[in-house]
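Work the whole structure out from these sequences, hints included.
So the sequence shown is numbered by the numbering used here: it starts at 11 and just counts up by one.
Each computed DSSO-like pair below joins lysine-lysine, with the alpha-carbon atoms no more than 30 Å apart:
| hint | residue 1 | residue 2 |
| --- | --- | --- |
| 1 | Lys345 | Lys151 |
| 2 | Lys599 | Lys302 |
| 3 | Lys151 | Lys139 |
| 4 | Lys442 | Lys432 |
| 5 | Lys442 | Lys470 |
| 6 | Lys76 | Lys139 |
| 7 | Lys486 | Lys442 |
| 8 | Lys151 | Lys235 |
| 9 | Lys77 | Lys345 |
| 10 | Lys529 | Lys599 |
| 11 | Lys180 | Lys208 |
| 12 | Lys139 | Lys356 |
| 13 | Lys263 | Lys180 |
| 14 | Lys139 | Lys263 |
I should point out that these hints are in silico values taken from the structure, not numbers from a laboratory.
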Amino acid sequence: MSNTQLKGCEYLLAETGLEQLFTPEDFSDEQRQIAETTEQFVTNEVLPRIEEIEGQNFEVTVELLKKCGELGLLMADGPEEYGGLDLDKATSMLIAEKLGAAGSFSVTAMAHSGIGTLPLVYYGTPDQKERYLEMLLSGEKIGAYCLTEPGSGSDALGASTSAILSEDGKHYILNGTKQFITNADFADLFTVFAKVDKEHFTGFLIERNSEGLSIGVEEKKLGIKGSSTCQVILDNVKVPVENLLGEIGKGHKIAFNVLNVGRFKLGAGATGAVKHAFQAAAQYANERKQFKTSISSFGAIREKLADMVADIFASESVVYRLAGLLDDRLQNLDKGGDNYYTDYQKGIEEYAAECAIAKVYCSEVQAFVVDEVLQVHGGYGFVSEYPAERYYRDARISRIYEGTNEINRILIPGILLGKGMKGELPLPTAVKQAFVSLQSESTASAGSEGLLAEEKQLLKQLKSLALVIVGTAVEKYGKRLQQEQEFLLTAADMAIQIFALESAVLRAEKAYAQASPAKKELYLAVARVCAYRANEQAVRAAQKGAFYIAEEESRQMLRSAVTRLGQYDASGLLEAKRVLATAAIEAEKYIF
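Structure, rendered in structure tokens:
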């Protein structure tokens, strides 16, 4: 990849070159081998015991988690000096993707290796790492992350759990209740956030056997039933001062920076989950007969399969594009430097908006796919004898945890506007250019040449449209725009669809050169379907945003912008869908 990579959110203001793009087709042999190891573990060890896991036989879960550790699948993000593998983000996400097929177990494993371990990796002292980290990375000990409270969810800083320094200065005394804590039933080490002197939001490491720490009953959940979700109750728990994590009053940095990675990893896991679910749908469509023929021959079913393939393609394109951006950003840091993890977190924070995009987009692709998988199964999808019912239930949580999709949507334009105000991005200049381009005689793709010319022209148009809409809103509201949540949500929808479409189209273009003739046809087809679907959603968001902000003098201009910049000639769309459907039906699995 290029050293001239774009900054966070800059994709909206500039074109991305193919040399700046990492895709699944770029995986090395070593990465593919790690993926295969993970997939075999899920197939051979986890899925045969899925009923025991779903029945909350946590002895099985812990046993499998330790096997996961023995295979090195919990070590990807850990430093080598403490037994970690310190792998790049692309490989770490590849492991997360493959674990995504493991249902509830994937929640357990990724909560442990992600938010349960990374606070210690990023912010722990050498002494804390020496005491705990190697055991967490090996799976000998299991971690949990305690942020949410009964009265504070999205408003994490509104937590009421308190931490008071003891008179002898040796302990902090913690009191409070944490809610919806994954792995609580069997975790050995809890990362807990509390307010020192009821004011300074701070992280602590608390061992399970601490006096006064107790675990509530298991929540009766809609999905991910095989994962542990309980309250963690702190009643005058003495925490040694040496177990304070990071700095007093800086707990928000731990919480939010770790959540950036958690959101990204959730996107990867959701992508793996839907690939697995899609396979069940394709196989069932071939097996199920109605009117003496397989339902996979019916156009209504084939279109569902094609749309699912396109959305999954875009989903994984988003995940690995972001992985490449992060790896490029982090690869030149001095691992031996005193400020390594400070600089590391700044590198991840640079792409906080893209992490939010990955979380929202991939979780909503998951929601769409599992819904269609169940629909393909018809009535049988509604009974637990078939896995479609479990896929459907399990997927619902993805739009809630790691920050609700609404919170993540609000973050995306907020970060863009913040970068523009600070001068980190030339947002005002880009907005002006978008208004100038709107006045030009033609923005349509007539006369465009080259591979995927129409799709790339559409990307330019949608970027201009998003900038026109956002620029008009800034002009109207100024700094008050950050409070206009309804508009921020729709602005985020435009930004999300543009990032996903660009990721998919550029991936198809990059892969085309090395593909076989049959695969070339598939890449062209999937780009066409992705473009149509993304444009449909982006234009709908732009229309809504325009209605929200239009004053009398700008109404006609915005209507014109949506009409002209939302143009896309999707000729051949039906043929493209049929190409994707045929390939998926023959392969009985996701085809890229």
